[in-house]
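Peer 1: Each chain, letter by letter, is given below.
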Amino acid sequence: MADLTAALARRFAEKLAAAGLTDPGAAVAACLDDRLAFSRPSPHEELLAGLVDRLGVGCVLLAPPAQPHRAILEFLAGSQAPAIRPRDCETRTFFHDIPVIAEPTVEAAAAALSRRKGAYLPGVGILAHGALSPEQAFVTVSSVAFAGFVKFFADFLAANRAGAVDAAYAAAFAAACRTLPPPPTIVPALAKGPFIDRETMLAAMAQAGRATVELGLVDSVFGNISYNLDGVLAISQTGAALDELPGAMDLVPLDGSSCAGLTASSELAAHAALSALDGRKAILHGHPRFAVVMSMDCEDLATCPRRERCHVDCARQRFAGETPIVPGEVGCGPRGLVHTMPPALAANGGRPGVIVCGHGVFTMGANDFGDALAALCAIETSCRARYFAALGIPTETL
Amino acid sequence: MPLMEHPTAHILFCDLSTGVCRREQQDPSLARQALGGRALAVALLAARPRAVWDAPDGAVVLAPGALAGFDLPGVSFAALAGTNPHTGGVLAVAVPGGLGRALARLGLAAVVVTGRSNTPTALFLDADGVRLLPLGAAAGQGTSAALAALPSHDGALVAGPAARAGSPLAGLWADGLHAVGPGGVALPLAAKNCFAVAARAQGEGPAPADPAALAGARAAMERLVSAAPALAGPCGFGRYGTAALLDLTAGRRMLPTRNFRETAFEAAGQLSAPGLFARLSPRAAGCPGCPTPCRHVTADGGVLPDGDAWSHLTALLGLADPDLAVAAHAACRQAGLFAPGAAALLAGRAEAAGRDLASDALLPALAALVAEGLSVSPSAMAVKGVALPAFDPRGAYGLALSLAVGTSGPDAWGGLCLGHELLRKPVATDRFSFAGKARAVFLGENAAAVAASLGGCPLFGLAVGLEEWALALSAVRGEGVSAAGLAGLGQRTVLVERTINARAGLGVADDDLPERFFAETGSSGEGIVVAPLPREEFLAARAAYYRLRGLNADGRPTTQAVAALESPWPI
Ligand SMILES: [Zn+2]
Ligand SMILES: [Zn+2]
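Going line by line, the protein sequences match chains A and B. Using full-length UniProt numbering, the letters of the first sequence correspond one by one to residues 1 to 398. Using full-length UniProt numbering, the letters of the second sequence correspond one by one to residues 1 to 571.
Calculated from the structure, these hints are not laboratory results. Don't be surprised by glycine CBs; every beta carbon is placed ideally from N, CA and C. Keep in mind that a hint or two might mislead.
[Unchecked claim] Some but not every residue of chain B turned toward chain A, in silico, with C-beta under 8 Å:
1) R131
2) L132
3) A149
4) Y240
5) G251
6) E467
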């Protein structure tokens, strides 16, 4: 049992590095079965063991973030303590805030983690726990990195507009920009459609999902994908990793004749609504970071009375270039993106993509995922260029 | 940190033998130790001398959840606790609908019913106090007649003719909408000659200490519910009720079929909830303020079966007639029979007879079950005398463990394993493995006990976790309550139930599944292999669960765990 537990701990530590969330070998996972096992020896073993014990959980991950996340989170922790309050939509739905742990003690870390899924310990890294499985902690680390990134860049642009960037923020910004991964310019070739049988279709979806993650257009455990095969929507399951889709897709009849979609992505309703409005078969949804950052940039931000609500309830018609930005929450609530995103994507005879404010991008392709992936790349690349242009920084100097 | 006492909470003691009811201020130390709902109900039960279920001095406790009076989504439940007629141990079940909310808004933390009335009686509570109303002939008629005999109310719990006949399959009905099971749950109340409890509490709930924080907690809960496919999704319970699960159990090859001999049903496609809904066009109904109401009422006032009843009235009996299942469910509702348990019993008899039940024999067989009354012997496919719910244990190992160890009998939502093993929330786990499942059941049971103590719908456990409960409770009480502190409340609640069971002589042999699941394969196919549950691994997982719970090898609380129980509430 103990060997299995250690192997499990190592697997998740390695998964963090593979996802680019930590440098190779930097993460430490502590997993408990009948005995506590660590992925590697670490000076923080006592802290992690104490947390597993105090929180009564099965796993604690310590993830010293890789750049640019380290520069970002260190700065946010320093300026926002006792808690970082992200404004992106997914984080608002599933987190409340990210506590900053004041000191590297079991007491302080347990206090933060007993009320939140993840927290940041300055100088050390992201701490996250998983009650059932290390995967929960992995998802949390990924969410913290994403939320921090979006907040850091979005706030910087707002502060720059307001003339309120201080020396510390400028230095952190320069450091983060130096280590930004390159924009997704080269779009890999994907299987050509239309797909006429389930096997080919599912393989094409798995390929497109992997490419989306590899291009950095979504973190593995987020996003979703679907294909309409003769009125049956194949869609990724809720919580499925986009780069591990085989076996994690549901086939949902669009005539509503079955409840097979019970485990489908939380955006099933939005995908189904899109299918009803739009003849295109392939739908891809990712969380490209600069598209999300730019969706939260609004000239009215300082004065807008709905400033805190604009991710769900913005009164302005907004665009990033040609791409509309719509409000909407995850899922089927009254403010759900199911009401806003599909009409915007299907409008004008079918747009290449739509950005959901503070959340991510939906794109479509007529017969396969080639156009959908290209549109996702193009939207992110152009939003990234727009971001730096808005700061007066030419993109090519980065 | 100690929790503040609810400023207005009283406990109402009703002795039906004398007709005397007295209202007492809640003991502050008990209020600190057991916030409300299930925690309080079982604590009150544990504090009383042990009594058999039909003894006049035995108590039936109804306790609204600690948050049931407030305007929160999916939070209006009460808990009912008493002596389990099947085991002599604890019986603690969730009571949906408006009763919990009404009791809370009357300032009651619990109602403790003892004694025995000479005539069939209903207990009615409102702002004027408590009244014992003679039910007369209505008690022996259907549950609709009993409900109609009650004064106007916000919530009601009603037993039917099956309870009157002493049937171990007798269930309760809440607000005429929600089946409250398992079978036998109505007996401790019926033994007091009490066939209904109803309450009316016009007006607002109590004021929270921090209204803004409560609004924040409510918003957080609403967001999570909206984002949960199983609750608010297009195929979710808010659309089809838990009958939506049948397509999933069929697809996963864990649909209990022909008395659990098979795990796939050739006619499952005819039983998809959307087909039934398309024909009957029912309207949604549910608990007060629920954003995803899971009950569905047809034009003629019929209530559609929930998932367990739907599945067991069809596949478990080898029947594929949706209309017959609806009619059978209606008959159970009128008779006050808990439908899944009744179906399981008939499935066992059909297996013994060597042939499926004929469809035209179902309704007469259900009527005969009521007439059999006391003499019904429990189904063999049961744990602690209670029929298994509509998920084959061979198809999800954490679920299998949780069904075996449930303190009041098998409860599919008791360890929240359906969340991760079937519905992928909060994360998908390998359903054909016991790895990590002991811990999962331990944590899931604690979380479910917390929700049941605060008044939360068990289904909302798929979306709302301890963090959100802690936010809501902190807002109401005006002091910080942590998720970890709440987990301690859940842990303590289950341990109190274990203590009651141990006193009644329950041990490790009672925490087991029928032998079939360890000996026979299910129906494999479509790339899914349904093997027998590995016995050794099950036993190892159960032993690990016992260690986590502070139980000895016989499943009874250890001296240290019991000592910890007497210590101040760990919040
Ligand atoms: Zn998304
Ligand atoms: Zn705005």
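Peer 1: Would you mind marking each hint as holding or not holding in the structure?
Peer 2: Hint check:
no. : hint : verdict
1   : R131 : violated, 41 Å
2   : L132 : violated, 44 Å
3   : A149 : violated, 38 Å
4   : Y240 : holds, 6 Å
5   : G251 : holds, 6 Å
6   : E467 : holds, 6 Å
Figure legend: structure checked against the earlier numbered hints; hints not met, in rising order: 1, 2 and 3.
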